[in-house]
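A.B. asks: As you go down the protein sequences, you meet chains P and Z in turn. Going by the numbering used here, the first sequence opens with residue 4, and the numbers climb by one from there. Going by the numbering used here, the second sequence opens with residue 884, and the numbers climb by one from there.
Careful, some of the hints might be misleading.
[Claimed, not checked] A few chain P positions that, by computed beta-carbon distances, are all more than 12 Å from chain Z: (1) Q7; (2) E14; (3) F110; (4) R268; (5) A297.
[Said to hold, decoys possible] Output of the computed footprint for chain Z on chain P, the stretches with three or more beta carbons under 8 Å from beta carbons of chain Z: (6) 85-99; (7) 112-121; (8) 126-137.
[As the list claims (entries may be wrong)] Here are some of the chain Z residues that sit facing chain P, going by a computed Cβ distance under 8 Å: (9) G893; (10) L894; (11) V897; (12) L898; (13) R901; (14) K904; (15) A905; (16) C983; (17) P1082; (18) E1091; (19) E1140.
To be clear, the hints were calculated from the coordinates, so they are not data collected in a lab. Fair warning: this is a prediction, and the values are worked out from it, not measured in the lab. The beta-carbon is built from N, C-alpha and C at its ideal position, and this holds for glycine as well.
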Amino acid sequence: MSGQPAVRVREVSKRYPLVSRRGRLHSFKGALLHGELWRQEREKEGFQALSGVSFEIARGETMGIIGPNGSGKSTLLKLIAGILQPTEGQVEVDGRVTALIELGAGFHPEISGRENALVNGMMLGLSRAEVLDRLPGIIEFAELGQFIDQPVKSYSSGMYVRLGFAVAVAVDPDVLIVDEILAVGDEVFAHRCLERIARLQRQGTAIVLVSHDLGLVEQLAHRALYLREGTAVLCGPAGAAVARYRSDVAATESAIVAAAGSDRRWGNGAVSLDSVELLDSHERPVRVLRGGEAASLRLLYTAHQPQEDFVFGVALHREGGTQVWGTNTDLDGWQPRRLAGTGEIRVRFPRLELAAGRYLVDAAVHTRAGLAFDYACEVLSFTVATAVPWPGCYAPAHDWEPNGPDLVRPSRDQREV
Amino acid sequence: MVASLYRQRGLIAVLVGRDLKARYRGTFFGFLWSLLNPLMLLAVYTVVFTWVIPAPRQVVVPFPLFLFAGLLPWLFASGALLDAAVVLPDNGPLLKKVVCPPEVFPTVTLLSHLVHHLLALPILLAGMAVAAVLGLMSFSWTLLLLPLAVGLWVLAVGGAVLAVSALAVHFRDLKDLLHNVLNLVFFLTPIIYTPEMIPVPALRRVIEWSPLTPLVTLYRDVVLLGREPGPSLWLAGTGVALGSALLGTFVFSRLRETLAEAA
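For reference, chain Z alone in the conformation it holds in the complex (with noise of 0.2 Å):
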């Protein structure tokens, strides 16, 4: 399958264009819109968590960043899984009259979301610099661990994006039962809070074992907290992410020959 996915490479390039092209065509920002849209979502949190609701005490750096840099990784997940879910039944015409390999579609999916989320991560980074200039926090090297980190978070969401695109030909429900799921592994994963906010400690426990936990956690601790990853944080993150590729991978390949048939 990766072998048919080089091979296509030119076409998956091209389809990731049109995707990120279409997406935006006939608004009048256009492409800003992919800036815009993070940037809308920085102001309303910084202006809630510094005027509204009273931010917690347990984070250092300001916390609007501390939940944003939580939330982007997550948006391009749950973004990249929703998609995930209608993605061949969406291109059911390609599959059907013309000879495509199926895996292309949700890797379309999934490279898309990718350049989405590594658009609005300059908004992150203005934001902390802001946030340093007013001497609220400071950068860190961690951050040059940032594309790591990143990686394992495209190799995770990757293998769900292929599972959950091709369990959803066969089993419509998929698509209801996601968006539920996905609402209850939000709230299962330290984005809008730190696990030691939990004053429960058996609910912490549950929290520490969700599997994104240990991927927000990386994440939100090279690019924002300037915490280097001890070792069973690595352990745990590329175990996550490479048992969801492999998983994946398995699931799709299996179901590969029936996707034109069913889609």
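This is chain P alone, in the form it adopts within the complex (with noise of 0.2 Å):
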């Protein structure tokens, strides 16, 4: 994840003309003397589909893009697939684009599931030979044996489906751009679909994934885009992304104060997280501690109004985005009954794993549904030190047994990590 961005999206807004028939035989002369069909229309009226969004996705990272219907998911994906234009800002994508918003868009039913890979192959870009030379990979990706050399038009669904995937994903793109598509097909091909943009994933594909499967998008996805009416309104890990849309969601659907908030922290006060603290084995709050040590991260709340649907989460994430490890007091089995004025809940770990590296938490006191009473992203950063300084998030208890090669043990203090 350096260098080069694969996708930038700066301060791109969309808007969409409102078709009128008098705007239409208005501009008639307009378009062939000026091109721009819509002109005077686009200032006057217009659906404004997306506002000052900006994002960059980096090679091989995952970006899903969430939010309601109408906040403007789709449209964006097209401006970052290069079907549509913006009408203010920029899109720039560094290589070549692979957009799987329809499966098998354009197959033509007459002719053959052979034939028709081949002229899809081709429109996403491929050259005749390239096609050729992947079509046994995509007829046995898509499973469809000796129906590859009938016509579509006998194909079911599922068949259509799985070639216009196979199709897709052997152009090897550089930027991926899915929506909505794992939904369909059973579940044996939408697994091998996920392992298939897992294997992506690893060659360096940028992912943008637009989906309202918010689980599927905290696995996939490293960061994620919370879209509403067409603005960003959180651009950050999946994780803390998918939990403000869930509690707006709740609150939606419960009728509460929406929750409000900065892109950082959210909630309706219900409930407030008053501080959040990593303590070391001495009780001690510390920045700074040695991996494998015993540590805790302790809340401290304060109920401005008794609740009896409450959970508390916290989530630990590196500043990529990668996400470590996250965990709650529903998810753990415990049952709330009642919270009330100002107190404090630990999580305590014996030993905390982790490997060298700076690491970010997230806390949250929210509903089962969750509505966040408060949801604080990157509330606390706190660094590990270790005596091997490998990359990763996991650095477990080990030892070494050569039963064989003649090692010698290090000295006590050496080996301690």
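Relying on the hints, combine the two individually framed chains into one complex.
C.D. replies: As structure tokens, then:
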């Protein structure tokens, strides 16, 4: 995740014209003379689908885009894919883009799967020879067997989608755009699609993923962009963006005061987190500690109104957005009964088995449905120091057993991690 | 735009192949229809103008062949234009969901109609050969000029196809309008008659100024009548062809960015 970003979206706005008959006739002449069919109308009327959205996606990074229907997700995808042009701002994409927006778009029903795969592959930017070269892999992945030579109109919808997906991923794109397509196909195929996407991630493909399946976004995406009514509410670690979205949904459903706040901290304030601290084994607040030491996270809270439905949660992640660990009282099986006044709750780690580096802590208190009382992203950061500065997240207690090699055990203080 | 088309030449070739394959898929005669259609047409004209209606005397070659030589390029033009009016909306899913330069689609329309035209040509030549054997006419060296005449038609039709395809996206009425305009142009062009047959001189002048007149005349002169076209005819034909090509390219490139959104 370094170097030139694969996708750079800067202050992008998109306004759709609202089509009116008067506008059409009015601008017939203008269309030919100026090439701008909607110039006058654009300023007066129109639908603002996106306003001032900015973000970057690095190579190998997966960005989820979430939000309610009509929030501008698909418009943003089409802007990145180059299908639409932004009204304002810039979209820069480095490399070949493949959009899985509609699988099998443009398949011709009368000709065979093989010929359609050829045409589709070439439309996605491959040469004829490249498609022919990859055709066996496509057929195998799509599991079409002898059906590949039948006209596409005889395919089941599952076969259609499998072929579409197989062709699209065979392109080996630099940027892959996925719009809500993993919901199709059976369990086995959905699983293979995920595997394929994970492989692309490892190969350094930047992926933009739009889905209403928030679990999938949390699972696949490193970061996520939460859009609402065309503006970015939050662009950050996938877990945080998903939590913020869930909280807003829960607020809408229960008609409670909606979450307010910045993109780092939000909630309706019924319960507030007053402090979040990392304590070492001597109960001292620390910012640096050694890997493998005992530690605990302490959350101090104030319940401004008594609550009967509440969940405390914490999550750790790296600065780059890599999720490290997270849990909450509900996931661990604790039943809420009553929360009132002020108090504290701790998560204890007998050994904090983290690798060296800087970690960020998110802490939250919310209802079981996800409505945030107080959700604080990156409320605390701490650094873990270890003897072995290997990159990663996990540094478990371990020992070597050389049954054969002649190795000299290090002295006690050298070994300590 | 020309550069973009050249880059997409592989895709265009595959799409033209797909069009041709899909067209007659599942029919009994399959690809033979490309030959059978014009053959039937020629047969019908031969019967009608030999036994039903007396052929006009001004025409020196067998009248069915005269008609056929005029109709072939006309069918190429009108077929391509009618398809052009729907090609971008029909391919809307591709334009909207896949990054694909829009000029590919009208080009495919033009080329697949050109292929059909070229497949119908042998029928005309065969008809001429039969007539020549019967001593009704003779072949002329001007047949060698045919590729030039076809080239002018391709330029003219290509420009119109580009303009129509882009405009039809924004003005859906164009498709219906086009039917009527084509009907009018058909009768304003000396396809089923020669300008000399028109009794009213004013009307004859209108016909002579119809933009398709030089192209039809040129085509028929070289392929059938064995007349060497004069410089003024060449000039008029080339003017119409280049004018159409430039205007069409201009219109299309002006509207290009709006097509994916509106298709």
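A.B. asks: All hints are to be evaluated individually against the structure, with a verdict given for each.
C.D. replies: Each hint, compared with the structure:
{"no.": "1", "hint": "Q7", "result": "holds, 20 Å"}
{"no.": "2", "hint": "E14", "result": "holds, 20 Å"}
{"no.": "3", "hint": "F110", "result": "violated, 9 Å"}
{"no.": "4", "hint": "R268", "result": "holds, 38 Å"}
{"no.": "5", "hint": "A297", "result": "holds, 55 Å"}
{"no.": "6", "hint": "85-99", "result": "holds (count 4)"}
{"no.": "7", "hint": "112-121", "result": "holds (count 4)"}
{"no.": "8", "hint": "126-137", "result": "holds (count 5)"}
{"no.": "9", "hint": "G893", "result": "holds, 5 Å"}
{"no.": "10", "hint": "L894", "result": "holds, 4 Å"}
{"no.": "11", "hint": "V897", "result": "holds, 5 Å"}
{"no.": "12", "hint": "L898", "result": "holds, 6 Å"}
{"no.": "13", "hint": "R901", "result": "holds, 6 Å"}
{"no.": "14", "hint": "K904", "result": "holds, 6 Å"}
{"no.": "15", "hint": "A905", "result": "holds, 4 Å"}
{"no.": "16", "hint": "C983", "result": "holds, 5 Å"}
{"no.": "17", "hint": "P1082", "result": "violated, 39 Å"}
{"no.": "18", "hint": "E1091", "result": "violated, 28 Å"}
{"no.": "19", "hint": "E1140", "result": "holds, 6 Å"}
Hint violations for this structure: numbers 3, 17, 18, all remaining hints satisfied.
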